[in-house]
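Colleague: Build out the structure end to end from the sequences listed, making use of the hints.
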Amino acid sequence: DVKVTQSSRYLVKRTGEKVFLECVQDMDHENMFWYRQDPGLGLRLIYFSYDVKMKEKGDIPEGYSVSREKKERFSLILESASTNQTSMYLCASSFSQFLWEGPEQFFGPGTRLTVL
Amino acid sequence: DQQVKQNSPSLSVQEGRISILNCDYTNSMFDYFLWYKKYPAEGPTFLISISSIKDKNEDGRFTVFLNKSAKHLSLHIVPSQPGDSAVYFCAAPGAGSYQLTFGKGTKLSVIP
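Those sequence lines, one after another, are chains A and B.
Going by the working numbering, the first residue of the first sequence is number 9, and it counts up by one from there.
Going by the working numbering, the first residue of the second sequence is number 6, and it counts up by one from there.
Since the hints were made in silico from the structure, they are not lab data.
Remember, it's a predicted structure, so these values are computed and weren't measured experimentally.
Hints may be right or wrong, so weigh each one.
Stated by the list, open to error - On the chain A side, residues computed to face chain B include the following (Cβ under 10 Å):
no., residue
1, L51
2, G66
3, D67
4, S90
5, Q113
Stated by the list, open to error - Derived DSSO-like pairs (lysine-lysine); straight-line CA-CA distance at most 30 Å:
no., chain 1, residue 1, chain 2, residue 2
6, A, K26, A, K11
7, A, K79, A, K63
8, B, K10, B, K61
9, A, K61, A, K78
10, A, K79, B, K112
11, A, K26, A, K61
12, B, K42, B, K59
13, A, K78, A, K26
14, B, K59, B, K10
15, B, K112, B, K42
16, A, K65, B, K42
17, A, K63, A, K78
18, B, K112, A, K65
19, B, K59, B, K112
20, A, K61, A, K79
21, B, K59, B, K73
22, A, K21, B, K42
23, A, K11, B, K76
24, A, K65, B, K61
25, B, K10, A, K65
26, A, K63, A, K26
27, A, K61, A, K21
28, B, K42, B, K73
29, B, K61, A, K63
30, B, K61, B, K73
31, A, K11, A, K61
32, A, K21, A, K78
33, A, K63, B, K42
34, A, K65, A, K26
35, B, K73, A, K11
The C-beta atom is built at its ideal place from N, Cα and C for all residues, glycine as well.
Modeller: Shown next, in the form of structure tokens:
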């Protein structure tokens, strides 16, 4: 079974703090993704990476950065947390770039971040 | 510009009856669709998918139908069970085939 783990299930931080969210996958997947989920807005892509040290902006990258130093690990960084970054953060991974191999993404359990 | 739309935020169904969740898309280049299920405080899990070369794909109680001319797909759950209560997202591969564009989700409540 594919396993995607996230470093924390719940996190509470103060405005202005630097926040690190870690994600690890154990299936040698090429692609990794960070989403946030908010009520009524669905899943919105923040950043993704299709290879080590490679990153691409998603739909809502402002206020976030990412790091992928190893294939299995993808980190999301909030440089200076703000209250509007309170959300559920979901990490995902997928194997292939090619449609015929299936673009299914496998998700971690999520991190509920509260910024006070 | 929302390319994948789930226009019903919520749906309530009696246990044992059919649940039908709908999804519309605007991009005619989409040729593969996926459904995910999400329980509160958990990550989404992949449920079922369909390629545009088919108009139906079935997996146990779950069937997805695709109507390409209408740019519409639907997920049927028969019979519905209380454990099916969750948020359901439809998704399609976006600009790069490894990116998924998600709808906003439909919260299904199955009433015992």
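Colleague: Taking only the CA atoms, is the gap from K42 (chain B) to K73 (chain B) under or equal to 30 Å?
Modeller: holds (23 Å)
Colleague: Does K11 (chain A) lie within 30 Å of K26 (chain A) when you go C-alpha to C-alpha?
Modeller: holds (27 Å)
Colleague: Is the straight-line distance between the alpha-carbon of K63 (chain A) and that of K78 (chain A) 30 Å or less?
Modeller: holds (12 Å)
Colleague: Under the criterion that the straight-line Cα-Cα distance not exceed 30 Å, is the pair K26 (chain A), K61 (chain A) satisfied?
Modeller: The hint holds at about 21 Å.
Colleague: Verify the proposed pairing of K59 (chain B) with K112 (chain B), using a straight-line Cα cut of 30 Å.
Modeller: holds (26 Å)
Colleague: Return the status of the interface hint for Q113 (chain A): holds when the least beta-carbon distance to chain B is below 10 Å, violated otherwise.
Modeller: holds (6 Å)
Colleague: For the pair supplied as a hint, K11 (chain A) and K61 (chain A), confirm whether the alpha-carbon distance does not exceed 30 Å.
Modeller: holds (21 Å)
Colleague: Given the proposed pairing of K21 (chain A) with K42 (chain B), does the C-alpha separation stay at or below 30 Å?
Modeller: holds (29 Å)
Colleague: Between K21 (chain A) and K78 (chain A), does the CA-CA distance stay at or below 30 Å?
Modeller: holds (26 Å)
Colleague: Keeping to a limit of 30 Å between CA atoms, is the pair of K73 (chain B) and K11 (chain A) held or broken?
Modeller: This hinted pair is violated, its Cα atoms lying about 34 Å apart.
Colleague: Has the given pair, K112 (chain B) with K42 (chain B), been kept, meaning a C-alpha gap of at most 30 Å?
Modeller: holds (10 Å)
Colleague: A closest beta-carbon separation below 10 Å is what the hint needs, so does G66 (chain A) meet it against chain B?
Modeller: With Cβ-Cβ at 8 Å, under 10 Å, it holds.
Figure legend: structure checked against the earlier numbered hints; hints not met, in rising order: 4, 10, 23, 24, 29, 35.
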